[in-house]
Amino acid sequence: MLSYVAQRLTLAVCLLLAVSALTFSGMNLLGDPLVNILGPIAADTKNPNSIALIEAAEAEYHLDKSLPERYVRWLGDLVRGDLGVQFSSTGEPPVSNIIKERAPRTAVLLVMAQSLAVLISIPWALLAASRARRPADRISTVTSFLLIALPNFALAVILKYLLAIKLGWFPITYTANDPFLSRIYQTFLPALTIALPAAAVYQRLLRTDLITTLQEDFILMARAKGVSKWKVLLRHALRPSFFSFITVFGINTGALIGGSLVVETIFRIPGLGTTIVEAIIRDDFPVVLAVVMIATSVFVLVNVLVDILYSFLDPRVKR
Amino acid sequence: MTAARRGLGFGFWLSISWLIVISLAAIFAPWLPLKDPGENYIVAGARPPYGPSSTHWLGTDQDARDVFARTIFGARTSLVIGFGAISFGIILGGTLGVLSGYFRGWTDRIASIVMLILLSFPGLILAILITALLDRGLATIAITLGILGVAPVGRLARASTLVFAERDFVTAARAIGSSNRRIIVRELLPNVVIPMAALSLLGMAIAIVAEGGLAFLGLSVDEGVTWGKLILLGAGTRDLERAPWISFGPISMLFLTVLALNYAGDRLRDYFDVKDITL
Numbered sequence: 322m323l324s325y326v327a328q329r330l331t332l333a334v335c336l337l338l339a340v341s342a343l344t345f346s347g348m349n350l351l352g353d354p355l356v357n358i359l360g361p362i363a364a365d366t367k368n369p370n371s372i373a374l375i376e377a378a379e380a381e382y383h384l385d386k387s388l389p390e391r392y393v394r395w396l397g398d399l400v401r402g403d404l405g406v407q408f409s410s411t412g413e414p415p416v417s418n419i420i421k422e423r424a425p426r427t428a429v430l431l432v433m434a435q436s437l438a439v440l441i442s443i444p445w446a447l448l449a450a451s452r453a454r455r456p457a458d459r460i461s462t463v464t465s466f467l468l469i470a471l472p473n474f475a476l477a478v479i480l481k482y483l484l485a486i487k488l489g490w491f492p493i494t495y496t497a498n499d500p501f502l503s504r505i506y507q508t509f510l511p512a513l514t515i516a517l518p519a520a521a522v523y524q525r526l527l528r529t530d531l532i533t534t535l536q537e538d539f540i541l542m543a544r545a546k547g548v549s550k551w552k553v554l555l556r557h558a559l560r561p562s563f564f565s566f567i568t569v570f571g572i573n574t575g576a577l578i579g580g581s582l583v584v585e586t587i588f589r590i591p592g593l594g595t596t597i598v599e600a601i602i603r604d605d606f607p608v609v610l611a612v613v614m615i616a617t618s619v620f621v622l623v624n625v626l627v628d629i630l631y632s633f634l635d636p637r638v639k640r
Numbered sequence: 003m004t005a006a007r008r009g010l011g012f013g014f015w016l017s018i019s020w021l022i023v024i025s026l027a028a029i030f031a032p033w034l035p036l037k038d039p040g041e042n043y044i045v046a047g048a049r050p051p052y053g054p055s056s057t058h059w060l061g062t063d064q065d066a067r068d069v070f071a072r073t074i075f076g077a078r079t080s081l082v083i084g085f086g087a088i089s090f091g092i093i094l095g096g097t098l099g100v101l102s103g104y105f106r107g108w109t110d111r112i113a114s115i116v117m118l119i120l121l122s123f124p125g126l127i128l129a130i131l132i133t134a135l136l137d138r139g140l141a142t143i144a145i146t147l148g149i150l151g152v153a154p155v156g157r158l159a160r161a162s163t164l165v166f167a168e169r170d171f172v173t174a175a176r177a178i179g180s181s182n183r184r185i186i187v188r189e190l191l192p193n194v195v196i197p198m199a200a201l202s203l204l205g206m207a208i209a210i211v212a213e214g215g216l217a218f219l220g221l222s223v224d225e226g227v228t229w230g231k232l233i234l235l236g237a238g239t240r241d242l243e244r245a246p247w248i249s250f251g252p253i254s255m256l257f258l259t260v261l262a263l264n265y266a267g268d269r270l271r272d273y274f275d276v277k278d279i280t281l
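Going down the list, the protein sequences come from chains E and V.
Each number in the working numbering comes from the position in the first sequence (counting from 1) with 321 added on.
Each number in the working numbering comes from the position in the second sequence (counting from 1) with 2 added on.
A portion of the hints provided could be inaccurate.
Stated by the list, open to error - Distance windows between CB atoms, simulated:
hint: 1; chain 1: V; residue 1: Asn-182; chain 2: E; residue 2: Leu-440; range: 50 to 58 Å
hint: 2; chain 1: E; residue 1: Arg-459; chain 2: V; residue 2: Ile-29; range: 34 to 42 Å
hint: 3; chain 1: V; residue 1: Gly-139; chain 2: E; residue 2: Ile-372; range: 28 to 36 Å
hint: 4; chain 1: V; residue 1: Leu-258; chain 2: E; residue 2: Leu-622; range: 47 to 55 Å
hint: 5; chain 1: V; residue 1: Gln-64; chain 2: E; residue 2: Ala-339; range: 44 to 52 Å
hint: 6; chain 1: V; residue 1: Asn-182; chain 2: E; residue 2: Ser-565; range: 45 to 53 Å
hint: 7; chain 1: E; residue 1: Leu-440; chain 2: V; residue 2: Ser-180; range: 52 to 60 Å
hint: 8; chain 1: E; residue 1: Arg-459; chain 2: V; residue 2: Phe-171; range: 37 to 45 Å
hint: 9; chain 1: E; residue 1: Gly-547; chain 2: V; residue 2: Ser-254; range: 49 to 57 Å
hint: 10; chain 1: E; residue 1: Asn-370; chain 2: V; residue 2: Ser-254; range: 54 to 62 Å
hint: 11; chain 1: E; residue 1: Phe-501; chain 2: V; residue 2: Ser-56; range: 48 to 56 Å
hint: 12; chain 1: V; residue 1: Ile-115; chain 2: E; residue 2: Leu-350; range: 37 to 45 Å
To be clear, the hints were calculated from the coordinates, so they are not data collected in a lab.
Yeah, the Cβ is synthetic: ideal placement off N, Cα and C, and Gly gets one too.
Using the sequences and the hints, build the whole thing.
If you want it as structure tokens, here you go:
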């Protein structure tokens, strides 16, 4: 067991190293950080004044070092929790500060979205599986199919129109200075936008697995002993049906991270999504790098956790 | 699957018909009797946006431009992006997958590592990264979204190649002295292409949706209209309040197209009993 966990974690670390090296060299080779720090002065290499400025900036941001050296330096800082300085001539706060301020909002949104998705999908799947191939199940299949075909930004626009503008049940915008609870309330609609299609995906899988499980002998046995239908579903059928659900929960986190970036910009939540978009427009690559690393790390780690959890639930995986 | 024996079904052909209609409309848009997508149809005495009417089927936007015509013209870019992306993904991912499934060994190991790395980026993050670093031309966006397809297509191609490479007809081809190249092109490709066709429909839907996501982040193609950009145009709170049709016109067109692609892809997958598609 322990060696399996160690093996999965090593792979995850290697993947993250590869991802960071790729992203870091891509950003450094294709972008020109000097232009972002100094503006047009960076191109003016004839004027001795600007040469002095360029050299000062190069020394300050370590741009005069070789690429591998800068990567190792950045990685060392990253491990100690320092995400580097923002590239700007006006003395913006270091990247870690921005991330510390904005990442929790995205995290709340994502956790809320995944919880909602799970809370919606389990009863939905139980209901559909218990009435398999009957009208209720058919309606639920069509509904989930339609939901999956609806892109998150379109769903965001529709929900915003229906629930926020027409019905007025939810606030339209997010206010960063509001108390925690009202910000949770403001996050509900964006979270629901992300959760609904995810719930449809989970429901489809769980329903299929539940239907397969319900045909097993031990279910027939339990029913024959007089256990009620719902008790069989909840106590006997649910747990062995969770395997593909858990795997897809991990894989789907990647799609949800992408979705949350888009939904954030629609509902104006100043989280990581808006941060990376602003940073891209300014070519501020330490910020872009930080957001990419956070998103990728979360994704990779969730999948490692899912793998480990899976091996607990199904000991056969442990090779 | 019992349903697979009954043929592809009515829904499949309905989906395909919709896809053909929308593709033809997109291709021939400049010659169709549509309103000019760039023209401002301002009516004297009334301020745009105008609601849906017999002259403007889906209404007009804030600048009095015809939403229906713009949606059809938007289909041109969106469909080209979707088609270009999945072609790129299929060609690169398919080649990678077939080669690694056929030759195994080091080819397989290196290809697997490349795919693992590609798969550890959350999809949209990778797309954001590439569009941020390169320009935002049509080809760049299409290729970027195509790169997202390389790993899933590659995995499927590798899995099916592994299965077929063990079959007797491949052994027979090798026994009569066929070259590797001939075995791959003549024996393996025709078999691997079928499951990939199902995946390509689903992948095209994903690419079209991903373009919309990029548009909302302000990172879609810099010129021309796409469905994503059209929806974004009407997504502001004030515009949604007074003129929801600006967004809802393109949304319905996008939704129907994605629905048709998903449904047709799913049916094909069931029909050919493809199991290894994970997206």
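Against the range 44 to 52 Å, how does the distance between the Cβ atoms of V:Gln-64 and E:Ala-339 compare: consistent or not?
46 Å, holds
CB of V:Leu-258 to CB of E:Leu-622, is that within 47 to 55 Å?
38 Å, violated
Within 52 to 60 Å: is that where the Cβ-Cβ distance between E:Leu-440 and V:Ser-180 falls?
Check passed, 57 Å falls within 52 to 60 Å.
Given the range 45 to 53 Å, decide if the beta-carbon distance of V:Asn-182 to E:Ser-565 lies inside it.
For E:Ser-565 against V:Asn-182, whose Cβ atoms are near 36 Å apart, the range 45 to 53 Å is violated.
Confirm or reject the claim that V:Gly-139 and E:Ile-372 have a C-beta distance inside 28 to 36 Å.
Holds, since V:Gly-139 and E:Ile-372 (Cβ atoms, about 34 Å apart) stay within the stated range.
Would you say the C-beta atoms of V:Ile-115 and E:Leu-350 sit inside 37 to 45 Å of each other?
Violated, since V:Ile-115 and E:Leu-350 (Cβ atoms, about 21 Å apart) do not stay within the stated range.
CB of V:Asn-182 to CB of E:Leu-440, is that within 50 to 58 Å?
53 Å, holds
If I claimed the Cβ atoms of E:Gly-547 and V:Ser-254 lie 49 to 57 Å apart, would that claim hold in this structure?
With Cβ atoms ~51 Å apart, the hint holds.
If I claimed the Cβ atoms of E:Phe-501 and V:Ser-56 lie 48 to 56 Å apart, would that claim hold in this structure?
52 Å, holds
Do the beta carbons of E:Arg-459 and V:Phe-171 sit within 37 to 45 Å of each other?
41 Å, holds
Measuring from beta carbon to beta carbon, are E:Arg-459 and V:Ile-29 in 34 to 42 Å?
36 Å, holds
Please test the hint of 54 to 62 Å on the beta carbon pair from E:Asn-370 and V:Ser-254.
59 Å, holds
In this structure, the hints that do not hold are numbers 4, 6, 12, in rising order.
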